[in-house]
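Colleague: Now for the letters of each chain:
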Amino acid sequence: MAGTYIDNWSNKYATNQWVWWTERDAVGIAKFDPNTEKFTSPGVENNDKKITLFYYKKASAFVEPSSNDFSWTASSEIPGQFHDYLISKAIALGYERKPEQIQLALYFHEKFEKGVKEGRAYAYRARAGTVKYIKPVDF
Amino acid sequence: MKLKEMVELVQQHHPELGVTEVVKMLNTSQEEYSSRTRMLEKATQFDLATNQRYYALDESILEIKSVDMEGADGSADHINIPKLVGRPIRRDLT
Numbered sequence: 000m001a002g003t004y005i006d007n008w009s010n011k012y013a014t015n016q017w018v019w020w021t022e023r024d025a026v027g028i029a030k031f032d033p034n035t036e037k038f039t040s041p042g043v044e045n046n047d048k049k050i051t052l053f054y055y056k057k058a059s060a061f062v063e064p065s066s067n068d069f070s071w072t073a074s075s076e077i078p079g080q081f082h083d084y085l086i087s088k089a090i091a092l093g094y095e096r097k098p099e100q101i102q103l104a105l106y107f108h109e110k111f112e113k114g115v116k117e118g119r120a121y122a123y124r125a126r127a128g129t130v131k132y133i134k135p136v137d138f
Numbered sequence: 000m001k002l003k004e005m006v007e008l009v010q011q012h013h014p015e016l017g018v019t020e021v022v023k024m025l026n027t028s029q030e031e032y033s034s035r036t037r038m039l040e041k042a043t044q045f046d047l048a049t050n051q052r053y054y055a056l057d058e059s060i061l062e063i064k065s066v067d068m069e070g071a072d073g074s075a076d077h078i079n080i081p082k083l084v085g086r087p088i089r090r091d092l093t
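For the protein sequence lines, the chains are A and B, in the order given. The numbering of the first sequence is numbering that gives the first Met the number 0, which starts it at 0 and goes up by one. The numbering of the second sequence is numbering that gives the first Met the number 0, which starts it at 0 and goes up by one.
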C-alpha cells in the first residue's frame with residue numbers, strides 16, 4: 000500500500016508519518032495519519048528525541064554603544080565582500096533626512112539594491128558553485 | 000570590515016550623526032540585507048517533549064528550510080521529515 004511503512008516503535012505496519020508546519024511563531028511537530036486526517040502529538044516514547052531545524056537567519060545586530068558589550072572590533076556575520084552595500088544603505092538612510100540631498104539617497108539605495116542582487120546570487124551558489132535547492136511555491 | 004571602520008565610512012557622509020544612530024542604521028541595513036538575500040543559514044537542535052506539539056521559534060529565524068527528527072523512521076538516524084501543506088484541520092494549542 001502506498002505510503003505504508005514499518006513503524007519500528009510500534010513494530011507494525013503504519014500509514015502515518017511525522018510532519019512539521021509553522022504556526023504562531025512556532026514549529027508544530029506531530030504524527031499525521033492521512034487516512035483519518037488525525038494528528039498525534041509526541042508521546043512518552045518520543046520524549047527527548049532530537050529535532051534539528053535548518054533555517055535562514057537574520058544577521059545578528061551590532062551592540063549599541065550604551066551597552067557594556069559594545070565593541071568597535073565587532074564584525075557583521077554577512078561576508079566581508081558585501082559590507083560596502085551595508086554601508087550604502089546606512090548612508091542612504093542618512094540622506095533621506097536631508098530633503099535637499101534626496102538624490103544621493105536614491106543613488107545609495109540603488110547601490111544597496113545591486114548588493115542585494117549579488118548577495119542572492121552568492122546565496123544561490125551556496126558558496127560551492129553548485130545549485131542550491133529551490134523550494135517550489137504554489138500560486 | 001570592523002564596526003569602527005563601517006561607522007567612520009557612514010560618518011564621512013553624515014558627520015552630524017552620533018555612533019548610536021549610525022549603529023542603528025547599520026543594523027537596519029544588515030537586517031534587510033540578510034532577510035532579502037537569505038544568505039545566512041544555520042541549524043539548531045531541541046528535544047521533543049511528551050504531549051507538546053508546538054515549539055517556539057527564535058526571532059532570528061527567517062524561514063525554516065528543513066526539519067530532521069531523530070528516529071522518525073524508528074531507527075536511531077536523524078531523518079528528514081516532510082513539511083505539512085497547510086495546517087491541521089483539528090487544531091489545539093499544546
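Hints were generated in silico from the structure; no laboratory data involved. Among the hints, a few may not be true.
As the list claims (entries may be wrong) - Under the rule of at most 27 Å between Cα atoms (straight-line distance), these lysine-lysine pairs were calculated in the DSS-like manner:
| no. | chain 1 | residue 1 | chain 2 | residue 2 |
| --- | --- | --- | --- | --- |
| 1 | B | Lys82 | A | Lys37 |
| 2 | B | Lys23 | A | Lys57 |
| 3 | B | Lys41 | B | Lys23 |
| 4 | A | Lys116 | A | Lys56 |
| 5 | A | Lys116 | B | Lys41 |
| 6 | A | Lys37 | A | Lys56 |
| 7 | A | Lys49 | A | Lys30 |
| 8 | A | Lys48 | B | Lys3 |
| 9 | A | Lys57 | A | Lys37 |
| 10 | A | Lys37 | A | Lys49 |
| 11 | B | Lys3 | A | Lys97 |
| 12 | B | Lys64 | B | Lys82 |
| 13 | B | Lys23 | A | Lys116 |
| 14 | A | Lys30 | B | Lys64 |
| 15 | B | Lys64 | A | Lys113 |
| 16 | B | Lys64 | B | Lys1 |
| 17 | B | Lys1 | B | Lys23 |
| 18 | A | Lys113 | B | Lys1 |
| 19 | A | Lys97 | A | Lys56 |
| 20 | A | Lys113 | A | Lys57 |
| 21 | B | Lys64 | B | Lys41 |
| 22 | B | Lys64 | B | Lys3 |
| 23 | B | Lys82 | A | Lys113 |
| 24 | A | Lys37 | B | Lys41 |
| 25 | A | Lys110 | B | Lys82 |
| 26 | A | Lys49 | B | Lys41 |
| 27 | A | Lys48 | A | Lys37 |
| 28 | B | Lys64 | A | Lys57 |
| 29 | B | Lys1 | A | Lys56 |
| 30 | A | Lys30 | A | Lys48 |
| 31 | A | Lys56 | A | Lys110 |
| 32 | A | Lys57 | B | Lys3 |
Unchecked claim - Between beta-carbon pairs, the in silico distance windows are:
| no. | chain 1 | residue 1 | chain 2 | residue 2 | range |
| --- | --- | --- | --- | --- | --- |
| 33 | A | Pro135 | B | Glu15 | 14 to 22 Å |
| 34 | A | Lys116 | B | Gln51 | 27 to 35 Å |
| 35 | B | Gln51 | A | Phe53 | 15 to 23 Å |
| 36 | B | Asn50 | A | Leu105 | 35 to 43 Å |
| 37 | A | Asp24 | B | Asn50 | 17 to 25 Å |
| 38 | B | Asp72 | A | Leu105 | 49 to 57 Å |
| 39 | B | Glu58 | A | Ser74 | 39 to 47 Å |
Being a predicted model, the structure only gives us computed values, none of them experimental. The C-beta atom is built at its ideal place from N, Cα and C for all residues, glycine as well.
Colleague: Please go over all the hints and tell whether each is borne out by the structure.
Modeller: Hints, one by one, checked against the model:
no.	hint	in the structure
1	B:Lys82 x A:Lys37	holds, 16 Å
2	B:Lys23 x A:Lys57	holds, 15 Å
3	B:Lys41 x B:Lys23	holds, 24 Å
4	A:Lys116 x A:Lys56	holds, 18 Å
5	A:Lys116 x B:Lys41	holds, 21 Å
6	A:Lys37 x A:Lys56	violated, 32 Å
7	A:Lys49 x A:Lys30	holds, 15 Å
8	A:Lys48 x B:Lys3	violated, 44 Å
9	A:Lys57 x A:Lys37	violated, 35 Å
10	A:Lys37 x A:Lys49	holds, 23 Å
11	B:Lys3 x A:Lys97	holds, 24 Å
12	B:Lys64 x B:Lys82	holds, 10 Å
13	B:Lys23 x A:Lys116	holds, 23 Å
14	A:Lys30 x B:Lys64	holds, 19 Å
15	B:Lys64 x A:Lys113	holds, 25 Å
16	B:Lys64 x B:Lys1	violated, 30 Å
17	B:Lys1 x B:Lys23	holds, 15 Å
18	A:Lys113 x B:Lys1	holds, 22 Å
19	A:Lys97 x A:Lys56	violated, 33 Å
20	A:Lys113 x A:Lys57	holds, 19 Å
21	B:Lys64 x B:Lys41	holds, 10 Å
22	B:Lys64 x B:Lys3	violated, 34 Å
23	B:Lys82 x A:Lys113	violated, 33 Å
24	A:Lys37 x B:Lys41	violated, 32 Å
25	A:Lys110 x B:Lys82	violated, 37 Å
26	A:Lys49 x B:Lys41	holds, 16 Å
27	A:Lys48 x A:Lys37	holds, 21 Å
28	B:Lys64 x A:Lys57	holds, 14 Å
29	B:Lys1 x A:Lys56	holds, 21 Å
30	A:Lys30 x A:Lys48	holds, 14 Å
31	A:Lys56 x A:Lys110	holds, 23 Å
32	A:Lys57 x B:Lys3	holds, 21 Å
33	A:Pro135 x B:Glu15: 14 to 22 Å	violated, 49 Å
34	A:Lys116 x B:Gln51: 27 to 35 Å	violated, 42 Å
35	B:Gln51 x A:Phe53: 15 to 23 Å	holds, 21 Å
36	B:Asn50 x A:Leu105: 35 to 43 Å	violated, 55 Å
37	A:Asp24 x B:Asn50: 17 to 25 Å	holds, 20 Å
38	B:Asp72 x A:Leu105: 49 to 57 Å	holds, 55 Å
39	B:Glu58 x A:Ser74: 39 to 47 Å	violated, 22 Å
Going through the hint list in order, the structure does not satisfy hints 6, 8, 9, 16, 19, 22, 23, 24, 25, 33, 34, 36 and 39.
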